[in-house]
Amino acid sequence: MVLLHVKRGDESQFLLQAPGSTELEELTVQVTRVYNARLKVQRICSEMEELAEHGVFLPPNMQGLTDDQIEELKLKDEWGEKCVPSGGPVFKKDDIGRRNGQAPNEKMKQVLKKTIEEAKAIISKKQVEAGVCVTMEMVKDALDQLRGAVMIVYPMGLPPYDPIRMELGSTEDLSGTQAGLNVIEESQAQLWWAAKELRRTKKLSDYVGKNEKTKIIVKIQQRGQGAPAREPIISSEEQKQLMLYYHRRQEELKKLEENDDDSCLNSPWADNTALKRHFHGVKDIKWRPR
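Using my numbering, you'd call the opening residue of the sequence shown number 35 and step up by one each time.
Treat the hints with caution; some may be incorrect.
Simulated crosslink set (DSBU-like; lysine-lysine; CA at most 30 Å straight-line) [claimed, not checked]:
id, residue 1, residue 2
1, Lys249, Lys237
2, Lys160, Lys174
3, Lys147, Lys41
4, Lys143, Lys110
5, Lys147, Lys126
6, Lys126, Lys143
7, Lys159, Lys108
8, Lys174, Lys116
9, Lys127, Lys147
10, Lys244, Lys41
11, Lys247, Lys236
12, Lys110, Lys127
13, Lys148, Lys174
14, Lys148, Lys116
15, Lys274, Lys288
16, Lys126, Lys154
17, Lys236, Lys41
18, Lys174, Lys143
19, Lys174, Lys247
20, Lys141, Lys127
21, Lys148, Lys126
If you are wondering where the hints come from, they were derived from the structure by calculation, not from laboratory data.
Using the sequences plus the hints, can you model the full thing?
So, in structure tokens, the structure goes:
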């Protein structure tokens, strides 16, 4: 199995394994799906952290309004009255005005937070350092865990306009958002390796050879963005070690220059004729009268 280290720009994303005989059309779609699914998990975790702190989403026509404005306009949060967290709510106002402030109690909050941590660990970029390959099944498992935690805390479900419900139901609309810019459509995805585009009409082995133990760094890119930057010759950690070595070397040379003192040449042990004078018996002769 060829080991692919997938990156977006200079940032590591995940590891993936694929046989060298894999069609690049299939591989590109597979990499893109895992990449986009990881982004979905990240978005859901971010919203669930807010859910644990401030309760469910307010209706779109109530978001950002003050209590006085809501009362004046006679607006009512019907879904907020239905979506009460298990064990009863604890009021914690959302200063941004996106959520209704009816937060879960401490026990239910911990259920959400623990699940969020577990899901983040599955898709973490630290998996690259640990040498763990991420599969679509692993990402789906993270999504199922998040869905299960929401159902435990909100067995009646979330409002249809809540971003968590839309994300879990794959009905989210990311157009015009920064999160939407990060998503790559499967039909527009490109894989690059060694400054070469891995064309979908070929196989992986056409580029990396038949050695199944090969490890390559693949960069995923949106079509039309051009070739990504090449990988540096040495890693940032190696560069740090190299700079540290040269700094230490400079300090050593500096100390040697400061210690360039030849006064020691006048010492008796530095006299290269001392042995000769010792055998001739002319050692310590003084010519001046005492």
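- Task: Check each numbered hint from earlier against the structure, then list the numbers of those it violates in ascending order.
- Result: Violated: hint 7 alone.
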